[in-house]
Structures are given as C-alpha cells and as structure tokens.
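Turn these sequences into a full structure, and let the hints steer you where they fit.
Chain by chain, the residues:
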Amino acid sequence: MMMRKMPVACLPVLATMLAAAPVPAAEAPAASDTAPAFEQPAAGTTDFTGKWAIVKPALHLLTTDGKEPPLNEAGKTEYAKRKAALKSGDHKIDPVSTCLMHGIPRLLYAPYPFLILQTTRNVTFVHEANHTFRIVYWDKAPPAAEDVDPTYLGSAAARIEGKTLIIDSVSFNDQTWLDYSGLPHGEKLTVQERYTLTDPQTISGEVRITDPQFYSTAWNTRFTLKRQPGMSLKENVCMDTHQM
Amino acid sequence: MRRLAWLAVSIAVVCTASFAQEGAPQAPPTGGDPAARAAARDKLNATQAVEWNKNPAPTDPRDFSGVWWTRGYDRTFRPVADHPMSPDAAATLLPMTPLEAASRQHHLDMEKAGTPIADAPTQCFPHGIPRLMASPYPIEFVYAPGLITILHEVAHNVRFIHMDGKPVPAATPRSFLGYSVGHWEGNTLVIVTDHFNDRTQIDEESLSHGLQLKVTERMTKFTNKYGGVEIRNLITIEDPEHFTKPWTAERLYPWRGDIKIAEYSCEENNRNAPVNGISVAK
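Going line by line, the protein sequences match chains B and P. Residue 121 in our numbering sits at position 121 of the first sequence, and the numbers go up by one each step. Residue 41 in our numbering sits at position 41 of the second sequence, and the numbers go up by one each step.
Just so you know, nobody snuck in bad clues.
Derived coverage of chain P by chain B (criterion: at least 3 residues anywhere in the stretch with Cβ under 8 Å from a Cβ of chain B; other residues may be distant): (1) 48-62; (2) 124-135; (3) 159-170; (4) 174-187; (5) 253-264.
Because the hints were derived from the structure by calculation, they are not lab data. Ideal placement from N, C-alpha and C gives every residue a C-beta, glycine not left out.
Structure (structure tokens):
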C-alpha cells in the first residue's frame, strides 16, 4: 500500500489518493498437526480471522446517508478550532502527529492494514499503524465506564450474531480524534462497531457514535474491508519515522 | 490510576502512563535468616500458583494461549549456569569478543557516570529480541492458522511467529524485532529470529549486538513444584561479532489467568526520552 508511508503533514494529500483496493484471491488456511492452532472458532461460527484493509481510508467521516455528523454547538466550536489550526499548518494539534494512539474509530479508517485474530478467548485487532493492538474479550457488555480507567482505545466487549461481529466500547479518554479532520469526542463517547461478513473476502462495517458532549444525536458511519491474502504487516514505528 | 508500581524504577523502564498492573507479582521476601526467607518464598509461590491458576492454563502442552507474566525483573541476560550466580559473577561466563568486552565496559562506565547510553525503548522503539522477552510486563499468545502472535503489554510490542513452514521471504527488511520463524520439536516451540537492525541491546544493562544477531528460543510449558504452570524460554544468542560462541540465557513466564493485557502508551509520557543519546530521567 503506497499510502502507508505518509508523513502526518502530508495527510491532506491522502484525500486525492484514496482508491479502491484490488479484490484479492481466496486465502488458504495453513493449519496442520505440525503447527496446531488452538482456541479456534467453533465450526459454524463466523470466523473473521485474517488480513484486512479498508477499501477507502477516510480523512473525514460522514453519516451513512452522506451527511455531516450532527455536531452540537460545543462540537461545532471545537471542530472549527481544530480545522482552523490544521489549515494554518499547525499539524501538531493532531494527536497522531506525536504518535499517540489513533483511538476508535479513527484507527479503523487509517491507511494501514491489520489482522483480526479470532479465538474462543477473545478477538484481537493488530494494526500495522504504529504496531497498535486491541484485545476484546467475548462478553455481553463492556464494563461500566466508571469501573475502568479511560484509555485511547476504550474498554470493549465483543459478541457474534450470525455473520456480524459486534463490539461495544466505552471509557475512552478524550485525547483522540474521531477522524483525521478533527471530529471531536469526549470521555462519554460510546462506540458500537458492526463487522458483517458479506462474502468470504468482504466485511461491510458500520460504526455508531454516541457522544452527548459534542453531538446532538447518535450517528452511524460505514466502511468496507477487503481481505489481503498476500499481505504481511510491516514493522511500523511512529517514533522512528514520525509517519502515521 | 489503579496501577501500582512495584518495580524499582529503572532507567530503561520508560515512558509509561500505566507503569505496572495491579496484582503485579510481589517482590520476594528479603531480610531475616535464609531458611525463613525460603519458607516465605515457598508460601508466596504456592499462594500465587493457586491464585493465578483459578482461571486455568490450557492443558495441551503445545497450547500457550492466554496471558503469562515473568516474575520480577532481571535487567541482565547471562549464560545459564549449573549453580546460582549473581549477575556480576555470571558475567564472567559471557563469551565476549574484544569488541563486546569494550562495548560492555563503555555501557557500564557511562551508567556509573550518571549518563547511561539510551536504549531503544527509551525512545519508544521496539525493545528488540531477546531484550523484549525480559520485560517485566504481561504477554499474551494468540494462535491462528500458520501464525502465533505474541502481544506484549510493554509499549504495545507485537511479535509474529510464522508457523506456516515457509522460509524467511527474500528481501525481508531488517527491523527492531526481526523476522521470526517457528516450529514444534515435540512440545517445545522453537523460534528462530534474525533480520534484526543493530539499534537494540541484548539486555538493558550492557550487552550489545550487531546485524549478524540470530536468536533461537526454545519455549516449553511445565508445571512447577507449587502446581503452577510456567513457560520456560531458553534463549540462545549468536552473533560472531560480539560473542565468540553461542550462549543461552533463560526466562520463565508463569501463567496468569487472573489478568488481562492493559493498554500501554509509551508515546504519551516519555520521561526518559534521550538527549544526545543519553538517557535523562525527567
């Protein structure tokens, strides 16, 4: 992926580079007794394990009907401030410019591939972007926000309903942006990600954002993931390259 | 912050908002007479074996799935000896080349002078191998067809162990963590890693390596005398520039069914970011 090595300051260029990824061939599993894979999903369970990349990395999230997210007055004020700073060339205002974690959902929309590793114990996302990983345990609901410390990637619970993997997250810190354009969120953010395996090579994704601090209503946004069978994650070290 | 710092603050344990997890292994008892210390340690180990295994370790000897956490922290790698030795005494067993002996002395001198040479993790770079395998933070093994992934809490390091039987791909770039290929010999997971860059250290204290470093790890699960489950990792280090022959160090990782890997942002609060190549505590 040519977009993977992009200095933060060049991110606006991304807008003109977004292109659909090629549809890959089927991925052949390599399990055998000589290399047993334990805690694998039970037969009949939809299995999301594999190498994935977003088809169209996004600089700016829109709602599922193509509209601007429903920022409230506080949200509009904060977003305008960030956009003005970026426009004036102050890219340091962007948390990922100092190699902080992208947060959710921004990490999903970043122009880097990732692995989904699904086991009976949990489901793990391993992103090439600054070797960031997120481990989500199977549970009905995430812990109560007041019981856990706020983090960049939040505290989450995962479940599978049919062909859809559903991840509910709470307890985010307010140090991340929802997207590269600077959409804000506060610590009351809750995120629901829904990954639907529409065919063996494709995940149709939807994210529901709820944050009363900066948005007047909850809103949804979409993404599409494709399998990347020949791909290997590169070692990406943001502090070394300052490229995110 | 619900974290409890229990480790001695060490210059290369860097830049973390969440220093060590609640429930961290307690430091072994000190003081008193040796027999009483041994009895106290036995009692602690027995208690921990029960506590850590309430959510039990996987039973298949080749199944390392789940969370493991080394006890305490030893900032040195030393050859395995046939009797207990202090790190300084065991240093005499290191088969160092003159280059490495001089390099090691320089590291020791600089640290003694209060200007320790900055190690990769002080800049939030991956720790390197075997350095990473000594880190006093939890690790998790995750299996997938043809791949074992090791997730390290410390600085969100990730290791991929390629189990698909394929050789190292041509044109594999050098990297902090190298390229790892694994296979099973009986119930021992054998991991061979090379294609390293030369920007990491063997250990935190003093040992260096070059581009020829090759690390072979032999990981075996066993039940200790307290009934707890552990992985023993015998780590063989080969680098003809730095060592006259291969040598083998050991690390143990007890099963920790009682914890999960926590988020760790090295980048958030790097108090040890080096200045002109020297570690500076801020």
